[in-house]
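Engineer: If you read the protein sequences in the order shown, they are chains A and B. No gaps in the numbering here: position 238 of the first sequence is 308 in the numbering used here, and each next residue is one more. No gaps in the numbering here: position 308 of the second sequence is 313 in the numbering used here, and each next residue is one more.
Think of the hints as simulated: they come from the structure by calculation, not from any bench. Among the clues, some could well be false.
[To be verified] With a Cα cut of at most 25 Å, we get these calculated SDA-like pairs of lysine to any residue:
no.: 1; chain 1: B; residue 1: K48; chain 2: A; residue 2: A273
no.: 2; chain 1: B; residue 1: K39; chain 2: B; residue 2: E382
no.: 3; chain 1: A; residue 1: K105; chain 2: A; residue 2: G240
no.: 4; chain 1: A; residue 1: K262; chain 2: B; residue 2: S417
no.: 5; chain 1: A; residue 1: K105; chain 2: A; residue 2: A236
no.: 6; chain 1: B; residue 1: K423; chain 2: A; residue 2: R166
no.: 7; chain 1: B; residue 1: K170; chain 2: B; residue 2: Q29
no.: 8; chain 1: A; residue 1: K188; chain 2: A; residue 2: T146
no.: 9; chain 1: B; residue 1: K39; chain 2: A; residue 2: Y215
no.: 10; chain 1: B; residue 1: K170; chain 2: B; residue 2: H181
no.: 11; chain 1: A; residue 1: K262; chain 2: B; residue 2: A27
no.: 12; chain 1: A; residue 1: K262; chain 2: B; residue 2: Q24
no.: 13; chain 1: B; residue 1: K416; chain 2: A; residue 2: P117
no.: 14; chain 1: B; residue 1: K39; chain 2: A; residue 2: A273
no.: 15; chain 1: A; residue 1: K188; chain 2: A; residue 2: S228
no.: 16; chain 1: A; residue 1: K262; chain 2: B; residue 2: K416
no.: 17; chain 1: B; residue 1: K423; chain 2: A; residue 2: R181
no.: 18; chain 1: B; residue 1: K52; chain 2: A; residue 2: R249
no.: 19; chain 1: B; residue 1: K478; chain 2: A; residue 2: Q330
no.: 20; chain 1: B; residue 1: K416; chain 2: A; residue 2: Q142
no.: 21; chain 1: B; residue 1: K39; chain 2: A; residue 2: N226
no.: 22; chain 1: A; residue 1: K188; chain 2: A; residue 2: V116
no.: 23; chain 1: A; residue 1: K262; chain 2: B; residue 2: G460
no.: 24; chain 1: A; residue 1: K262; chain 2: B; residue 2: L415
no.: 25; chain 1: A; residue 1: K105; chain 2: B; residue 2: P437
no.: 26; chain 1: B; residue 1: K84; chain 2: B; residue 2: R310
no.: 27; chain 1: B; residue 1: K45; chain 2: B; residue 2: I279
no.: 28; chain 1: A; residue 1: K262; chain 2: B; residue 2: R450
no.: 29; chain 1: B; residue 1: K416; chain 2: A; residue 2: E119
One-letter residues, chain by chain:
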Amino acid sequence: MTEKRAGTPASPHVALFVTCLVDLIRPSVGFAALKLLQDAGARVEVPAEQTCCGQPAYNSGNRADAIAIARQVVETFERFDYVVAPSGSCAGMIKRHYPELLADDPAYASRARALAAKTYELTSSLVEVLGVTAVEAQFPATVTYHDSCSSLRELNISDAPRRLLAGVDGLTLKEMDEREVCCGFGGAFAVKYPEISMTMAEAKIRNIAASGATCVLAADLGCLLHLAGRLSRDGSPITCRHVAEVLAGMNETPAIGQPQTPE
Amino acid sequence: MADAAKAAPTHSFSEAAAQALADQDLQRALLNVKRGFIAKRAKARDKLPEFARLRDEAKAIKDHTLSYLDLYLEAYERKVIESGGEVHFAPTAKDARDIVLRLCRDAGARLVTKGKSMVSEEIGLDDHLEAAGIEVAETDLGEHILQIRGDTPSHIIAPVIHLNKETIAADFIRDHDGLPPGRSLDTVPDLVAEARAVLREKFLGADVGITGANLLIAETGSSVIVTNEGNGDLTETLPATHIVLASIEKLVPTLEDAATVLRLLARSATGQEITTYTTFATGPARADDPDGPRAYHVVLLDNGRSGMLGNEFHDMLRCIRCGACLNHCPVYGAIGGHAYGSVYPGPMGAVLTPALYGIDQARDLPNASSFCGRCEEVCPMAIPLPALMRKWRERDFDRGNPPFRQRLALKSWAFLAKRPRLYHALSGFVMPVLARLAGADGRFRHFPLAEAWTGTRDLPAPEGETFQARYRKSRVKP
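If we strip away everything but chain B, and leave its shape as in the complex, we get:
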């Protein structure tokens, strides 16, 4: 079980969801998910006839890698060392935080720049470094906005999807010191230009650059990041020390394998054929390199993942964090990411979060799904997300977590469903009574013990006799 990082969902999902549904600004912002990502992904997929084949290939690559993960991790480490870097294994979030802090201290760091990294969010790295007196500058535009707001990401690839540009402009006016308060920040290019100017100082002054990794390549010891802003490159190459923070399942065997995954990643995420920047980093700068870091470290986080190898949640380790399942999830689209109370929201978060923090802490996440199946349909790694959510529901049910009334209703229903004669005797009696109660109205506006239904919609009344009763009668009197 992870320690009490900000990632641990201890809040009430239902309350957070209700707040999200009532938040008009959020609801307006969430329309961008629908308008933006879904159509773009569909277009990118349609333009690539071999999309389905690529998906099978990528799945096979990841399945193979996970089956021999220990061997590939060793091979990867050897290559990193050969290229002049170091690998540090971190079993827990705390281990990873401590290792990164030690590396920063060893480098004499006062200012650290960071590329966008969900693993960093998962382990609560920024707070840990700041508490130790090291200034942290997030350099991804979205993460920069979150940092000055004291906010958290609501989407794994579009961290500020919950915000409108007016809100962001107000944050910039408030937080970016030394700029005229009356300046115009009406357009997105205005915001980008200002963030760029502010961040340039940070890039040039940083002692350590920390990035995540979209992929790690065993064959070459390289880490790969995909970005659209170029901030990742500056974070990796300008400071004297580059730290890559990645979880163990990011590994693929070869460069060729990385290319297969990359072809799916941007298309599934943003609908781009390829991101603006795809950056491969292999060790520190060589003697004849004109620039680049002098030290290169990789911190590999486990944090519960090796425990998923070979168990019923194994398939989740194929996830490449493209966000397609979030974008296509109608529940995510209704409540946004924060309501999940986890760094990882949406369908992938509903499966991964209980694996990281325990089902008791996150039981609503796999339960709050209509099992519509769109997440599985769009997943470029063919992860059976609804089936995995159901596995969590089974554990949840076995642990007796669902509310008493739910359990009672389920058990009673199952009791009758297993006894057809009793079921038909009872339903044959009850349904006509209910039909008479509803009368000519044909529906109930209120119904005892069914407020969860009738609070927001009418309950259509039964016609009268059950089908079985009417059918048996019609057979007796030909």
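Isolated chain A (complex conformation):
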């Protein structure tokens, strides 16, 4: 069911920015995103020339490589009506940081701004651009939703995923306390300062457990790999999934970091 925003082409040409983590670790999220966008009426293309948004370089102070990667992403994606990433962090990189990175580059500055303006995180693209009001999916479980810091604070997204989840059959959403607090992933931060990162994860996991949820959903695979890795190390029964899998009704793949066949 969709209700398109005024000015959106009838069948917009959308590029899926798969993100490196989804491409490498959890392709199901990419296929779920593809299905959600197609169901919403988009003509979706997945450019082969994509790799990573450059965030690891950018946040580690390796500005030269970040700029080179940003230029490559601009060249690959600027011909589409919209660019959608199943990640607030990568979408935030393109939307908020590319314009700054390429501001002094006369050949790319305005192109970076144009790309930023048409780049969206998946759930917000579905709600705000493609006008999706309901999805056809079922997920009989009590879940909690983890807002990634980049979704929440760089992109101001908190409503879109919850509106979509409200339409999933059988799903009960229980909010956790301190939901605006970081889970401790932070990209390279998670391996540069593992003890601090883990203390933050433990605080987050206490709030997740207290919510009564059996499954954590989020729109960023980085946070999810980090939380799932700690939950399974603790032997917790709480599982983690990308929100796109649930919204697309594609839950055949075991939850993140879980065994292939139930033990």
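On the provided structure of chain A, position chain B as indicated by the hints.
Structural biologist: Below, chain B without anything else, positioned relative to chain A:
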């Protein structure tokens, strides 16, 4: 570069952080940051509908002042002189220490009382005065506790946030002479009453009072302090000499501007609408004033700040030291202030400390952030703290400071990310291999060269083929 004051972070951040994480007392004390400050600030902000507008106004005031800082400093100095005071410019921490010591000696000081001042901590003033034979009495309750412990502040507005009241009671029993050792110090009011009695003697006997300044006002030549204990007023008004020790960026043009900043300061810091005391000091006592100091000096510290004017860290000079970024920082909340090894901890310290002491001395501070962005969100001066930390990371990277393995990993990743065909060929081969290695388990408990990840959490295994590989196949066979 500043001299080797106690502020210079020469210790190992990682070791200090690990110790902090293992310190159960500290972890218990740090819960107070969460329980206390965060909710109170949110409530104070919600009660003030114009909070966002005030923030824009305050930012504009500071930006304007910094653009004409030389002119405002001159105007401020003229007003201080007109009101009977003197201004002393101190380019370095050493200059500031020497000036304050000279002023104390000129005043024949044997006992100096002090209000809470982060600039004083920054320049290591207490040790310098004590070494010269002058007794220094910190009069802020928190600073008094630190002084008798030989400790340093762990928070810029709540210096003893790392301590529990039982620890403080033990310190009082040990250090406050002439009181019955068996006395009851079980409650906070007990502790406050005792500190008050002990400090009263100091207030009455002091020859010089030294305070910091939350603001300096060019229009009137006034210094402003905000306190909740009243110790600042007694420090300013009882001794014959009042010395204000402040850094140059504390300046605002007018009284009206000061009011705008003050409306944000207490709300952002403690969640109060206004602090219990907001004290304006303008020159020494007039002829018909019933009391007040006979001499009024302002020592203005630069210590690297003028070098930040107009460079990429310029925005940091708007900071009003409210501590909101510390209170909302999950890293600060995990390790506390001491682990940063700087007078200025948390996000504001992560930006300011390298500016004062050099990035080589403080490289962990801007690196130890998950860039969650809460500091920027709550900053009443709209300082883009994560962006400024990233600027330090860039300088750090350009200087070749990150460990070799980190640099190698980053450069290798970037090399592949810039070559999509190679990237996909390689990942298309490697990911299925990794998936087979993990087997039905779906995760790795150990992984070569990834102990930093697998030491504390499992590494979820890849599903198998990459998305790109599966997607291309599905397109070939419709």
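Engineer: With reference to the structure, classify each hint as holding or not holding.
Structural biologist: Evaluated hints:
Between the alpha carbons of B/K48 and A/A273 the distance comes to roughly 23 Å, so the proposed pair stays at or under 25 Å and holds. Between B/K39 and B/E382 the alpha-carbon distance is near 16 Å, which keeps this suggested pair within the 25 Å criterion. Between A/K105 and A/G240 the CA atoms are separated by roughly 21 Å; this keeps the pair inside 25 Å, and the hint holds. A C-alpha spacing of about 17 Å is found between A/K262 and B/S417, which places the hinted pair at or below 25 Å, so the restraint holds.
Taken as a hint, the A/K105 and A/A236 pair is honoured in the structure, with Cα atoms around 19 Å apart against an allowance of 25 Å. Of the pairs offered as hints, the one joining B/K423 and A/R166 holds, with about 21 Å between alpha carbons and a cut-off of 25 Å not exceeded. In summary, the hint linking B/K170 to B/Q29 is supported, as the alpha carbons are separated by about 15 Å, within the 25 Å threshold. For the hint pairing A/K188 with A/T146, the CA-to-CA distance comes to about 14 Å; that is within 25 Å, so the pair holds.
Between B/K39 and A/Y215, the direct Cα distance comes to roughly 22 Å. Compliance with the 25 Å bound is thereby established for this hinted pair. Between B/K170 and B/H181 the CA atoms are separated by roughly 16 Å; this keeps the pair inside 25 Å, and the hint holds. Straight-line distance between C-alpha atoms of A/K262 and B/A27 comes to about 18 Å, which keeps the hinted pair within the 25 Å bound. With a C-alpha separation of about 17 Å, the suggested pairing of A/K262 with B/Q24 holds against the 25 Å cut-off.
Note on B/K416 and A/P117: the hinted pairing holds, with a Cα-Cα distance of about 24 Å set against a maximum of 25 Å. The straight-line distance between the Cα atoms of B/K39 and A/A273 is roughly 12 Å, inside the 25 Å bound, and the hint therefore holds. For the hint pairing A/K188 with A/S228, the CA-to-CA distance comes to about 19 Å; that is within 25 Å, so the pair holds. Restraint check: the Cα-Cα separation between A/K262 and B/K416 comes to about 16 Å, which is no more than 25 Å; the hinted pair holds.
A threshold of 25 Å between alpha carbons decides the hint, and for B/K423 with A/R181 the separation of about 19 Å falls inside it, so the pair holds. Using a Cα cut-off of 25 Å, the hinted pair B/K52 and A/R249 holds, with the two alpha carbons roughly 22 Å apart. Restraint check: the Cα-Cα separation between B/K478 and A/Q330 comes to about 23 Å, which is no more than 25 Å; the hinted pair holds. Between the alpha carbons of B/K416 and A/Q142 the distance comes to roughly 17 Å, so the proposed pair stays at or under 25 Å and holds.
For a cut-off of 25 Å, the pair hint linking B/K39 to A/N226 stands: about 23 Å separates their Cα positions. With a C-alpha separation of about 16 Å, the suggested pairing of A/K188 with A/V116 holds against the 25 Å cut-off. The hinted pair formed by A/K262 and B/G460 meets the criterion: a straight-line CA distance of about 12 Å does not exceed 25 Å. For a cut-off of 25 Å, the pair hint linking A/K262 to B/L415 stands: about 12 Å separates their Cα positions.
At roughly 24 Å between alpha-carbon atoms, A/K105 and B/P437 fall within 25 Å of each other, so this suggested pair holds. In summary, the hint linking B/K84 to B/R310 is supported, as the alpha carbons are separated by about 23 Å, within the 25 Å threshold. Taking the CA atoms of B/K45 and B/I279, the gap is about 13 Å. The hint holds against a cut of 25 Å. In summary, the hint linking A/K262 to B/R450 is supported, as the alpha carbons are separated by about 19 Å, within the 25 Å threshold.
For the given pair, B/K416 sits about 19 Å from A/E119 by alpha-carbon distance, which is consistent with the 25 Å threshold.
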